[in-house]
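Participant: Same order as they appear, the protein sequences are chains V and F.
Heads up: the first sequence is residues 1 to 251, going by the numbering used here.
Heads up: the second sequence is residues 252 to 427, going by the numbering used here.
Please keep in mind that the hints were generated in silico from the structure rather than gathered at the bench.
Check before you lean on any hint, since a few could be wrong.
Below, a list of computed lysine to any residue pairs in the SDA-like style, where the Cα atoms sit at most 25 Å apart [to be verified]:
| id | chain 1 | residue 1 | chain 2 | residue 2 |
| --- | --- | --- | --- | --- |
| 1 | F | 273 | V | 167 |
| 2 | F | 364 | V | 26 |
| 3 | V | 45 | V | 133 |
| 4 | F | 273 | V | 45 |
| 5 | V | 158 | F | 341 |
| 6 | F | 364 | V | 133 |
| 7 | F | 273 | V | 133 |
Since the model is a prediction, treat every value here as computed from it, not as a measurement.
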Amino acid sequence: MLFLRYYLWIAPHALLGFLLIWFLRRGLYRQSPIFCAFVIFELVKFLALFTISRVLSPSATDVYRWIFVFGLGVSALLTLGVAYELANELLLSHSSLAGVLRPLLRWGAAALILLAAFSSAMLPGVSVARVANVFQVLDFSSSLFLAGLLVTLFLFGKVLHISWRSWPTGVALGFGISACIDLATAALRAEFGSSDFIASDVTQMAAFHVCVVVWLVYLFLPEGAPKFVGRGLEKSDLEFWDQELQRMVRR
Amino acid sequence: MIPLIFVLIGFLALASILYLVKGHHATGGNLDELTSQLRPIDVDAFRNLIDAREEEFLRQRLPAHEFRSVHRERMLAAVEYVWCAAQNAAILIRLGEAAKQDSDPAISAAAGKLVDNALRLRLYAFQAIPRLYLGILLPHTSLRPYFIAETYDIMTRQVVMLGCLRYPTRGMSSAL
Numbered sequence: 001m002l003f004l005r006y007y008l009w010i011a012p013h014a015l016l017g018f019l020l021i022w023f024l025r026r027g028l029y030r031q032s033p034i035f036c037a038f039v040i041f042e043l044v045k046f047l048a049l050f051t052i053s054r055v056l057s058p059s060a061t062d063v064y065r066w067i068f069v070f071g072l073g074v075s076a077l078l079t080l081g082v083a084y085e086l087a088n089e090l091l092l093s094h095s096s097l098a099g100v101l102r103p104l105l106r107w108g109a110a111a112l113i114l115l116a117a118f119s120s121a122m123l124p125g126v127s128v129a130r131v132a133n134v135f136q137v138l139d140f141s142s143s144l145f146l147a148g149l150l151v152t153l154f155l156f157g158k159v160l161h162i163s164w165r166s167w168p169t170g171v172a173l174g175f176g177i178s179a180c181i182d183l184a185t186a187a188l189r190a191e192f193g194s195s196d197f198i199a200s201d202v203t204q205m206a207a208f209h210v211c212v213v214v215w216l217v218y219l220f221l222p223e224g225a226p227k228f229v230g231r232g233l234e235k236s237d238l239e240f241w242d243q244e245l246q247r248m249v250r251r
Numbered sequence: 252m253i254p255l256i257f258v259l260i261g262f263l264a265l266a267s268i269l270y271l272v273k274g275h276h277a278t279g280g281n282l283d284e285l286t287s288q289l290r291p292i293d294v295d296a297f298r299n300l301i302d303a304r305e306e307e308f309l310r311q312r313l314p315a316h317e318f319r320s321v322h323r324e325r326m327l328a329a330v331e332y333v334w335c336a337a338q339n340a341a342i343l344i345r346l347g348e349a350a351k352q353d354s355d356p357a358i359s360a361a362a363g364k365l366v367d368n369a370l371r372l373r374l375y376a377f378q379a380i381p382r383l384y385l386g387i388l389l390p391h392t393s394l395r396p397y398f399i400a401e402t403y404d405i406m407t408r409q410v411v412m413l414g415c416l417r418y419p420t421r422g423m424s425s426a427l
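Isolated chain F (complex conformation):
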C-alpha cells in the first residue's frame, strides 16, 4: 500500500511541475492592459481594520456575541484588502520588469527596487492571510499583519518615484 502511495505522489508531483512550469517564462505583455487592472486600496482603512486599539474599543462597547460578529466581518474585509494588495503587487512586478529594460540606469534601478518590494509584499500577503483567518478564530491573539501596510506604502512610494523618473515633466516631485 505504501509504495502505491508514493507512485501516486510521484505522478501528482509530475503533473504539478508540468502545470506550474507554464507560468514561469518571462513572456512580456500589454502594459496598458496591466495598468488598467490595478485596483485602488485605502491603506488607512486597512490600518483601521487591523488596529488593536480599535478592536479593544469595539470589545469594550459591544456585547460579546456582537463583537465576535463585527470582528469576523472586519477580519474578512482585511483579507480582501490583502488579496487586492497582493494582486496589485503581481501587476507591479510585471510593470517593474518592463521598466527594468529601460536604457536609463536610474529608471532600471528604481524598477528593480519596485520589483523587490512587490515580491516582498506578495510573500507577506501569503503569510498574512492565514494570520487573519486565525484572528477570526482567536480574537484575543495579536497576529495583525501591520507589515503589509508598511510594505504597501513603500511600494507605492517607489511606483511614484518610477513615474517621476519616466515622466519628469508631470510635476510629481512635490509629492515626494
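In isolation and in its complexed conformation, chain V is listed as follows:
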C-alpha cells in the first residue's frame, strides 16, 4: 500500500514534467497559458510538499498542511481559469455563439458557485474552523464547480454539433475525469471522516494519474484536418436551395 501511495504521488508528477517539456517545445503555452501555469504550479507544489515530507518531517506537519491547503486554493483558482480557457476555445471562439453563450455560461458558473457553497455547508462535520476542514470545503467546492462546468461544455458542444480539436478535448476530458472522481471522494470523506482519508487520497491520486495520462495521449494524437469524401452539395441540391432563395426574394 505504501508503495502504491508513493507511486501515485510521484508518477503523475513525473509524467506532468514530461508533458510540460513537450508542451513548451510545441509552443502550446501560447494557446493555453493558464493550463501551462497550472502545470507549473502543480509541479512546484509537488516538489515543495515532497521536500517538506521527506526532509523536515515530522516537525513540519503544520507547515505541510498549510502549504497543502494554500496550494489547493491556488490550484482550484487555476483550474477555474483553465475551464474559462476551454470554454473560450471550444465554444466562445465561434463568433455567432459568443453573444448568446457567454451570459448562459456566466449564469451557469454563478449557479454552480452557489450550489458548491450551499452543498459544502450541508456536508456533515464540515466547517472552516480547522485547516483540514478548509481543505475539505475547497476540495469539494472546486470539484463540484469544475465537474458541472465541464458537463455543461460537453453538452453544449454535443447539442450544437461542434467538432473540437484534439488537444482542448483532451484537457477537458482529463480534468473532467479527475473532477468527477474528486467530487465523489470529497463527499465520501465528509461522510466517513478521517478514517477514510487514505482510501479517498489514493482514489484521487489515481484519478489525477489517469488525467495526466489522458493529457499525454491527446498531446501526441495527430491533429489532422477531418477527412471528407464525396462532392458535397450537388446540382440538384443547389437547384432546390436556389428555388428556396428565389421564393424568399420574391416575397
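Go by the hints and put chain F onto chain V.
Facilitator: Here is chain F on its own, set in the frame of chain V:
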C-alpha cells in the same frame, strides 16, 4: 445521505462526460451521404403556423374548445418544423466544415459564415421548442420564435452563395 447523493452525482457526471466526449472529434464523413439527409422545409408554411394574426383569426372564427385543439396541432407541427431545421443545420455544419478546408479563401469564408449561422440556428431551435410547447399550454402568450424563420432564411442564402462559389457555371447568381 447528502454525501451519497454527491457520490452518485460524481459518477453520473463522469459517465456523461465519457459519453459526450465521443461525438466531439472532427472525424470527417461522406458529403454525399450528408447531403442526401437534408430535408426540405417550407419556411412560408412555418411562418404561417406561428403567425399571430393567423392565430387571432382562428380564435375569432372557431369555438374555444375547437380553437385549443387546432392551436395545439399547429404548435406541434411548428415543433416538427423546428426539429427539421435544427437537423438540417447540423448537416450544414458538417458540409460547411468540409468547405472551410477549400484552398479558395472566398469559399472558406462563405463556409465559415454558413457554419456560424447554422450553429446560431441550432441554438435558437433549442430555445424555440420549449417556447412552442409553452404556447400550447398558454395560447395567449406571445412566445413565437420568428427568429427561427429569419435565421433559416439567412442560412439558406449562404448555402446558395457557397454553391455559387464552388460551382460558378451553374447559373445561380440570378437568384441572388
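Participant: Look at each hint and say if it fits the structure.
Facilitator: Each hint tested on the structure:
| no. | hint | result |
| --- | --- | --- |
| 1 | F/273 with V/167 | 14 Å, holds |
| 2 | F/364 with V/26 | 30 Å, violated |
| 3 | V/45 with V/133 | 20 Å, holds |
| 4 | F/273 with V/45 | 33 Å, violated |
| 5 | V/158 with F/341 | 10 Å, holds |
| 6 | F/364 with V/133 | 51 Å, violated |
| 7 | F/273 with V/133 | 37 Å, violated |
The structure is inconsistent with the numbered hints 2, 4, 6, 7, although it conforms to all the rest.
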